[in-house]
Amino acid sequence: MTQTPPAPAAAPATPSDLQDERLVRPANLRESVAASFKRVRTGDLGSLPVVIGLVVICVIFQILNSNFLGAENISDTLVDTAGIGFISVGIVLVLLLGQIDLSVGSMSGFSAAIFGVLLTKNHWPEWVIIIVCIVVGAVVGLIYGALFVRFGVPSFVITLAGLLALLGAQLATLGPLGSINIPFTTFIVNFSLTQFLPTWLNYVLVVVAGLGYAGTALARANGRRRAGLSAPAVSGILVKAIILVVALGLIVAYVSTYAGGGIGDSFVALILLVVIMQYVLTRTRFGREVFAVGGNVEAARRAGIRVNRIYVTVFILCAVLAALGGLLNLGHLASASTSSGTGDVNLDAIAGAVIGGTSLFGGRGSAWSALLGILVITAISQGLNLLSLDSSVRFMITGGVLLLAVIVDSLSRRSRASHGQA
Amino acid sequence: MTLVSEVSSDKHEAVDPVLSMRGINKGFGAVQALTDINLDIYPGEVVALVGDNGAGKSTLVKVLAGVHPQDSGDIIFRDKKVSIPSPTASRALGIATVFQDLALCDNLDVVSNLFLGREIGTFALNEVEMESRSWELLRQLSAKIPSVRIAVASLSGGQRQTVAIARSLIGDPSIVILDEPTAALGVAQTAEVLNLIERLRERGLGVLLISHNLADVQAVADRAVVLRLGRNNGEFRIADVSYEEIIAAITGATDNVVTRREAAVRAHNEEKNK
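Chains A and B supply the protein sequences, listed in that same order.
Sequential numbering of the first sequence, starting at -9, is according to the working numbering.
Sequential numbering of the second sequence, starting at 135, is according to the working numbering.
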């Protein structure tokens, strides 16, 4: 018996992935808008709830306090997001596997304590200490991963134990001092508190982002067209790139009107991290395997994916990002203390990822969700600060927002199931 | 009782079996699950493995898939004695097993599922290449999947089965084992999967079909191998065997509810015809 030859290439008029007559293609703008509405109705929410949430929050706080959307407050808010944003990107990774790391707050506090002690007592150079913190994070993540794959203990319990153990380690490291001030001359404080990108560099980065988007999108569309697959129109890509450049340019121009600030170095680092992580998650084998393990572990295992290795790698990445986030938070406060990484750091990082649209049930989410979610959380706490409300109120409101986000996640999951989508 | 094989060997004289199992034994503790099992799979042939619950079908499949190696007996693959100690070894030989639960990732799209664990691209994934090859493969199978960029969760049962079978072909296997591929499928979807099995045969693959549904077996299989209580209990060419004979071999009895009723109906008809 011979193999049937592949069907002769169809007329080039229809790309080979759009030949099925059952496919509904929006023919004009009205239909594509209607199609988007239908997607949202059936539970494919994407980042829509969080964008709407952000707009609502901005409107409410702007009405309550006219400084909220001022350049100064936005500049502060952006710098404020960096540390917690790093932690939240790590949380996105573990959530994609359907696991959780509850100890990221303690990990960040422990890393801050190590930095403070080694810098002020032992006078080690900063870059060495940063490497030490990364290694400590990696070891902690390795221990979590090993415990998880070796004994099958739920990650919830492992990291709950880790939360306490690391908090203990943090207190022990700080010793009787309890609090260490970090000099303003250090790199870490400059980087995460006082240093802002020069305005011209902001615009250069905006243009680079636009060119990068257009370049990769055009190259991809070109490759698809050559292979006989459907591809987005060139004009559409260019329009999107121009909108991107103009929007980012306007934001930069507005924030730069605040002479004492602008776009902070650490915030740019966060954006860079998110872009890289998004690339890794969607375009590399590792990312694909993470999604596969989060979707169906058994299927992933039978497909030959080394599932244990994925779990361990992700726990390590999460702990390392928590350690780095702890250093950014330390720089932002210019101190390491017994309260570093305690309080709402843990929940903010997890809430940020979930609010941004990463599912708690595994297999759905994106690196951008960490950035968007953390922007929401920081905007709320910054707004409440402006209204000089007590932290008790802040906790309650953040808790409420987290609950709302999880309810939206569960509802959209149920809706997807009833509409036959993942 | 054992029904002696009616299989005429003329068809296979020219071709060697791609896989032969000889005297396979497998026990789990006190239970002897397989005793002296023989099985041949020829290229371009659909072999149905039938038997009652507990007959040893799944155990035999697991031996081939490398889940439980046999205790004794030989597996000869392309004239060479081989051992299949692990699922990876099974796949490396060119045996693709589609398990009953399909093992698809619902959150990933069709392309990602087809190439899961075998992605193309060294560092960055080559999505264009994977998508083109997905379409090529699905068209060869005449599969009815509207888009390969939708999540597997939104496909019907038959389409999911199609994706699972298509995925088994990515590694260019010479034998495909299908465990109950039509269980829990509707009429149209069952027909779709049976068509797909025909396509596999046309591609020259050896297909081992495990099924409880004798209608399916009669529709697509060339040969039926019957297991009963862990032993070979007959081998039939589907073309020259009746439904009742297979049932008799499966149940090990010529006298049971099914055959009695058949006999009664036949007697009744004959009486009417008189």
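Since the hints were made in silico from the structure, they are not lab data.
Warning: the hint list may mix true and false statements.
[As the list claims (entries may be wrong)] Partial chain A-side listing against chain B, Cβ under 7 Å, derived: (1) 217; (2) 219; (3) 273; (4) 275; (5) 286; (6) 293; (7) 353; (8) 354.
All C-beta atoms in this analysis are idealised placements derived from N, C-alpha and C, irrespective of residue type, glycine included.
To see whether the hints hold, each was checked on the structure:
Given the 7 Å rule on beta carbons, the hint for residue 217 of chain A holds: about 5 Å separates it from the nearest Cβ of chain B. A distance limit of 7 Å between C-beta atoms decides the matter here; for residue 219 of chain A the minimum to chain B is near 6 Å, and the interface restraint holds. A least Cβ separation of about 5 Å between residue 273 of chain A and chain B falls short of the 7 Å threshold, and the interface hint therefore holds. Of the supplied interface hints, the one on residue 275 of chain A holds, with its beta-carbon coming within about 5 Å of a beta-carbon of chain B, less than 7 Å.
Using the Cβ-Cβ criterion of 7 Å, the hint placing residue 286 of chain A at the interface with chain B is satisfied: the shortest such distance is roughly 5 Å. Hint status for residue 293 of chain A relative to chain B: holds, with the closest Cβ pair at about 3 Å, below 7 Å. For residue 353 of chain A, the interface hint holds, the least distance from its beta-carbon to any beta-carbon of chain B being 4 Å, beneath 7 Å. For residue 354 of chain A, the shortest C-beta to C-beta distance to chain B is roughly 6 Å, which falls under 7 Å, so the interface hint holds.
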